[in-house]
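Heads up: the protein sequence lines correspond to chains A and B, in order.
Position 31 of the first sequence, counting from 1, maps to 31 under my numbering, and the rest follow consecutively.
For any residue, its number in my numbering is found by taking its place in the second sequence, counting from 1, and adding 195.
Keep in mind that the hints were calculated from the coordinates and are not lab data.
All values reported here derive from a predicted model rather than from experimental measurement.
Check before you lean on any hint, since a few could be wrong.
As the list claims (entries may be wrong) - Beta-carbon label-pair distances, calculated as ranges: (1) B:Asn264 / A:Glu50: 56 to 62 Å; (2) A:Phe105 / B:Pro235: 14 to 20 Å; (3) A:Lys37 / B:Ser206: 56 to 62 Å.
Unchecked claim - Partial pick of chain B residues on the chain A-facing surface, computed with a CB cut under 10 Å: (4) Ile221; (5) Phe241; (6) Asn260.
Glycine included, each C-beta is placed from N, C-alpha and C at the ideal position.
So the chains spell out like this:
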Amino acid sequence: MKKITSNSISFVYGFAFLLLFSALVGLFIFGLQYQNKQRKIKLIEQYSQEIKPYIEKHNDDIIKIFTEVIPTMQTYCNGYLDSTPYNCPQLQKTVFKLFPNTDSFSNFSSTSFIKNETSNNINSATLMELSGELREININQEMLNLLEGKTNDPIIGNFYFAYYYPGNSDNIQVAIPIKNSSGETIGVILRNVIE
Amino acid sequence: MKKKLIEQITSSIAVILLFLMTFTGITFFADLFFNWDLFPPNVETFLGFIMISGLIIIISSVMINIMINISIIATNSEKNNK
């Protein structure tokens with residue numbers, strides 16, 4: 001019979017500890033993954049429900065922003081696709097009129113609009129900030145699916161702040177799809193999650 | 196306070212915190228890899244502060260432990276030489 005030495009006991013204990021530790025870490029990571037999912041669901045619910053009455057009230061005007069204001073700005077206003085300062089005060093006033101701050105929701109000023117309408121790149125879209133400033137942004141597949149109407153539920157993620165504001169790379173946004181009267185997705189309202 | 200007692204306390208603190216830090220370190224990398232957003236930014240800042248504090252306590256404990264052990268070795272060798 002083989003003699004049990006203190007070395008073999010140490011090895012068995014070490015191995016058992018490693019197994020136990022791995023199991024604990026696995027369980028912990030699984031729990032955190034669940035927590036991450038739950039938090040995303042909660043934030044999407046909170047931010048999309050909060051803006052819902054506003055969208056219902058200003059639905060026609062919001063549709064106008066996507067169908068009239070963004071294309072017009074792209075055509076006539078400076079500041080798009082180059083570094084010149086934004087210069088389109090008349091259309092800026094139109095944005096404020098169509099998206100008024102009178103019955104606003106929390107963090108109103110960080111709202112922006114994304115439309116799947118860019119010059120050349122399929123992985124980019126046009127983003128208009130509330131000030132009327134336009135930018136071409138890179139989008140991921142999730143956002144593209146939302147803009148193309150392949151998915152209809154609001155999504156959460158870091159869609160553009162990492163690109164423009166490196167200091168705020170941890171910021172996340174909730175994207176809420178906007179549909180026209182025939183049920184087609186015409187764009188996305190983006191709400192910055194500020195906590 | 197006796198040197199031996201301090202040495203025992205600091206080594207216990209270091210071992211316990213190192214165990215927890217291993218756990219926290221793995222979680223930290225999991226957070227990076229899976230791009231989690233677990234808590235609001237202010238809570239994450241607070242947890243980061245706790246993690247850094249833990250690291251400082253570990254370093255301090257290990258340093259104290261080394262110093263006391265050197266002192267114990269010196270005392271013991273002095274006794275043996277007499």
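In ascending order, which of the hints set out earlier in this document are inconsistent with the structure? 3, 5 and 6
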